[in-house]
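S.K.: Here's the letter readout for the chains.
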Amino acid sequence: MAEDKKYTKIQELTYELKVGNVMTKKVVTVSPKKTIYKLRNILHTKRISGTPVVDKGKLVGIISTEDFMKCLAKGETNIPVEERMTKKVETLYADEPLVHAVRKFDQYGFGRFPVIERGKGKLVGIITKGDIIKGLLKKLEIDYHKEEIHRYRASHIFEDIVADRTTLTFHYNVVGEDFNRAGESASGLKRTLFRLGIQPDSVRRAAIAAYEAEMNIVVFTEGGKLTVSVETHRIKIEASDSGPGIPDIEQAMQPGFSTAPERIRELGFGAGMGLLNIKNCADKMNLTSKVGKGTHLEAIIYLNQR
Amino acid sequence: MITLKEIIQKLNLEVMSASGDFDREIRGGYVSDLLSDVIANSKEGNIWITLQTHPNIVAVATLKELAGIIIVNKRKPEDETLKKAEEENIPVMVTELSAFEIVGGLYELGIGRATENAKEV
Ligand SMILES: Nc1ncnc2c1ncn2[C@@H]1O[C@H](COP(=O)(O)OP(=O)(O)OP(=O)(O)O)[C@@H](O)[C@H]1O
Ligand SMILES: [Mg+2]
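Chains as they are written, first to last, in my numbering: chain D, 1 to 306; chain W, 1 to 121.
Be aware that a few hints might be false.
A few chain W residues that face chain D, going by a derived Cβ cut-off under 10 Å, partial list only [what the hints assert, rightly or not]:
no., residue
1, 33
2, 38
3, 51
4, 65
5, 73
6, 80
7, 84
8, 98
Here are the in silico distance ranges between beta carbons for each label pair [claimed, not checked]:
no., chain 1, residue 1, chain 2, residue 2, range
9, D, 231, W, 6, 42 to 50 Å
10, W, 78, D, 222, 38 to 46 Å
11, D, 10, W, 45, 22 to 30 Å
12, W, 14, D, 93, 40 to 48 Å
13, D, 162, W, 110, 36 to 44 Å
14, D, 251, W, 3, 39 to 47 Å
15, W, 15, D, 24, 26 to 34 Å
16, W, 74, D, 233, 46 to 54 Å
17, W, 73, D, 263, 16 to 24 Å
18, W, 12, D, 293, 34 to 42 Å
19, W, 110, D, 45, 37 to 45 Å
20, D, 162, W, 74, 54 to 62 Å
21, W, 22, D, 24, 22 to 30 Å
Calculated from the structure, these hints are not laboratory results.
Glycine residues also receive a C-beta, built at the ideal position from the N, C-alpha and C atoms.
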């Protein structure tokens with residue numbers, strides 16, 4: 001099972017990564033006019049078993065130690081590389097998914113493929129099986145690390161705490177009329193809930209409910225509080241303010257009803273859909289308000305316990 | 001199958017905030033200037049077309065995990081908007097075209113239709 005998972009992860013990565021991500025960019029090349037004798041020095045000093053032949057940045061052929069040995073046997077060390085190179089070169093494009101490279105290695109059995117830029121034929125790198133393995137390992141490590149940071153941070157907190165009942169509570173202060181910071185509480189909450197390892201769908205719903213509640217405080221009051229408490233079975237979002245209050249809650253809940261002033265509507269608020277969005281996202285919603293005293297909103301999202 | 005990068009090239013959009021996933025495949029979009037409406041009706045991964053320019057559009061895009069925001073009619077996003085967009089990895093683009101024209105362009109690239117097909121499968 002676990003093996004299966006790892007295997008599909010690697011497969012996935014071969015689609016995700018591009019040839020350009022893993023290739024070696026510094027390529028040793030030889031010009032077509034160089035003699036076979038000079039080629040010998042290059043192969044020898046760079047310890048490579050073959051090299052692309054490049055003319056003014058363009059790939060024109062490839063030549064390997066094998067070709068070189070043949071020339072040596074015939075005593076042809078003074079002829080130019082272009083006369084003995086393979087002209088029809090199998091190449092890869094930098095923007096191709098890595099899986100194409102994997103297939104090509106299987107299909108041809110070559111040790112390397114030059115990588116060229118689509119359209120221009122310009123040589124931009126070279127890829128070997130070793131590059132593929134290195135690239136995959138690096139990516140696996142990064143992904144693993146990313147995942148680990150998140151999991152490590154907080155998702156075991158409920159299991160680590162020994163108590164009959166555990167509640168985590170987050171407090172956010174919401175500043176009235178501050179449209180630059182508006183929405184930051186909800187964004188912060190979203191990030192926090194993800195880190196706790198809560199199912200993405202529940203996180204999204206909680207974040208939307210919190211956002212709409214936060215925005216109402218920003219738009220209609222001088223400020224208030226957002227309090228979110230998380231237990232293993234539910235998220236509870238409370239928004240409270242001591243603002244003007246809502247005279248008719250039923251009316252406020254109607255889609256399209258809004259008392260937002262023109263200058264705020266111009267910013268895109270005041271569709272009269274916020275409370276409805278909260279209702280649709282929450283499993284339970286309760287809104288109470290007293291004119292002149294303030295408004296209290298509670299929204300609950302139940303979590304499937306795993 | 002079309003990526004955000006290709007849309008930007010084909011529709012000649014000006015990228016204002018370049019942090020985010022430009023290789024993301026775009027299958028659908030949503031047009032609205034009312035934030036709560038976008039929250040209610042846009043879908044994850046949509047490209048959002050709007051004339052709003054203030055920082056809250058980034059909050060909405062983040063909340064709904066939208067693929068990016070195209071601001072129409074040559075309006076310039078506020079600095080604070082771009083700062084937030086960088087932080088939240090939301091690509092922000094501007095165009096001289098109107099919402100009507102840009103949506104037309106997106107449809108010509110096959111984007112609206114792709115959504116329908118995805119539903120059928
Ligand atoms: N905290 C609050 N204090 C005072 N009035 C409120 C409060 N929250 C909501 N209201 C009233 O309820 C109405 C409806 O709220 P709702 O969130 O549904 O729409 P909106 O905020 O006007 O527009 P949108 O949320 O679509 O941007 C508001 O216009 C306002 O009159
Ligand atoms: Mg509202």
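S.K.: Quick one: which hint numbers does this structure break? Sort them smallest to largest.
M.R.: Per hint list: 5, 8, 10, 12, 13, 18, 19 violated.
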